[in-house]
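Position chains B and F against the provided structure of chain V, taking the given hints into account.
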Amino acid sequence: MEQEFRKVSHHAILSEVQELQEEHYRLIQICATTVQEGYEILYTFGKGYDEVQVKIHTDVGEHVQSISRFFPPAWLYENEIHDLHGIEIDGITLDFRGGLYRTKEKAPFAHKEVKEGK
Amino acid sequence: MSSRSVIPFGPQHPVLPEPIHLDLVLEDERVVEAVPSIGFVHRGLESLVSKKDFKEMVYVAERICGICSFGHGFGYCDAVEHIMDIHVTERTDYLRTILFELSRMHSHILWMGLMADAFGFENLFMDTWRIREKVLDMLEAATGGRVIFSILDVGGLRRDVPDDMLKSFLPVLDDIEKELAIDIKTFLNDSAVKSRLCGVGILTPEQVETLGCCGPFLRGSGVKRDSRKLGYAAYDDIDFEIITSNDCDTYGRTFVRAYEILQSIKIIRQAISKVPSGEVMVPVKGFPQGEHMTRLEQPRGEACYYVKANGTRFLERMRVRTPTFANIPALTETLQGCDMADVPILIVAIDPCISCTER
Amino acid sequence: MNNVNFVGQALKNLFSKPATLNYPFEKREFPEGTRGHVENDMDVCILCGLCQMKCPTGAITVDKKAQTWAIRPFSCIQCRCCVDNCPKKSLSMDKMYQEPGPEKTERVLDLSDKQKEVLAAQAKAAAEKAAAAKAAMEAKKKAEAAAAAGGAGNPS
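Protein chains in written order, with the working numbering: chain V, 104 to 221; chain B, 827 to 1185; chain F, 347 to 502.
None of these hints come from the bench; they were simulated from the model.
C-beta: ideal position from N, C-alpha, C; glycine also.
Some hints could be false.
Derived contacts from chain V toward chain B, CB cut-off under 7 Å, selection only [what the hints assert, rightly or not]:
no. : residue
1   : 129
2   : 134
3   : 176
4   : 179
5   : 204
Listed below are the simulated BS3-like cross-link pairs for lysine-lysine, each with C-alpha atoms no more than 30 Å apart in a straight line [stated by the list, open to error]:
no. : chain 1 : residue 1 : chain 2 : residue 2
6   : B       : 1111      : F       : 434
7   : F       : 470       : F       : 480
8   : B       : 1111      : F       : 435
Chain V extracted, bound-state conformation (with noise of 0.2 Å):
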């Protein structure tokens, strides 16, 4: 079984996101993967038992749109984005602004040069 996953730019996100929302998708769950030159977002909807897999990509640095307005949930993957990645995230419904998790080192999971460079 060989799994889709549809890639989309970022700025492209909160349509496809809009148009998920339309057909009645659910959000399953947001999680960030370190890439070598920046970050992957991978997105996963579902309906039944179906799921979507979105993907996108963004530079060390770059903002991202925040899909909690159509998610309510995604608040809570963004914060969690936020706080291990580093990865800024604007309009989240409810920005816990870093203070979601309490770790010892702030964004454990960024790139090896944002950790050095604050």
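Only chains B and F this time, still in chain V's reference frame:
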């Protein structure tokens, strides 16, 4: 105008041995807002992928949580097996199903005990845990561990569970079914218990869908969805109905969990009668390359395992989305407008496993 | 009348034997294959170091020079990985759980005298074999060189 006060709940709280902190904003006795914060026991298990190779990560995945240990190990192995295109034997599939259901039973019975403890019925709490011990004994006999099983491996199981041992589980399951019936009757019919559960934490089916809930929390609000129907392991050969409740409150969630234990017993019986003979391990060669997302139904709900591999010994990313994490938005929603006295019950109702949430 | 459901069970629990064991006097029977703690039979161990390489937590240290095998029991996760990988089956899993302690200790096991002799004899035999092989190799090389020289010195 009544004044507002903020009461901290946790991370140390008698009702919940798990480190979640909630700032409860109270207006008299009523909670108007609840702000969660987690991260007290964040262990960075996901970042261990850069230090442990993909086979050693099985041990790490199993140790994410003590209660859903089997589910985590299974989800991780399943994702890696999909990437490497390994087809495990049929016997492995069946044994995994049996062990998965046994661990679901022990998790649900544990939850029932915690719930009884939360509404102050100590006797019921002890009785359910007495029954749980039998499930743990079966698991120990089959795998060698009471809660951390260390039986899973990429490509199958590390040891076989002999057929006569599986047969010897059947009378124990009958016993458990009989004894649990008394406890379940108390949970569902006792007027004192009902007064604590009915009408507490109401979430409509539409709300649970938009809040992204999963597991018994979802089915307790009448949504018929169970990831076991995705047909991983041997579940597509097994006949079972999804248990739902239309009560949409804590009573409904208790109902779903109680009947899921009995259903697990039925699934185990079916699986034991169908278990084929054969090997339990297939050889694994090479290193994984690719990515996969596995979804499966853990005792607490749907869990997601995302594995990304780049063709070396070490994986690039392993991500686990635990069911408790998905249920936190719904928890904050149910807490709004509830009584202060109902807060412990509402928190226990999502069956929180915070340590599992903070890999 | 619904709140007397549990009374029967409660009374039964009150008058029946406790469900728990009277622990220090009554020991639990562990089922076959319980993973308690790792034991090493120092009469069989050959100090190959495979367990040290395979241990996911790095709890095992094999010192070939001092001829010791050591485990840090508080780092061990009882996964049975070392036991499954042991080529001589000298490692085994004891059923009794690891005993608790006030501090994280390391348990060092010395190789038994008998096994020390065996290993020394094996090492000696291996060294002799290697030396013999080396000598044979050199003799062969010399012979080849001589043959080549002979061949070169006999052009006509």
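Hints violated by the structure (numbers, ascending): none
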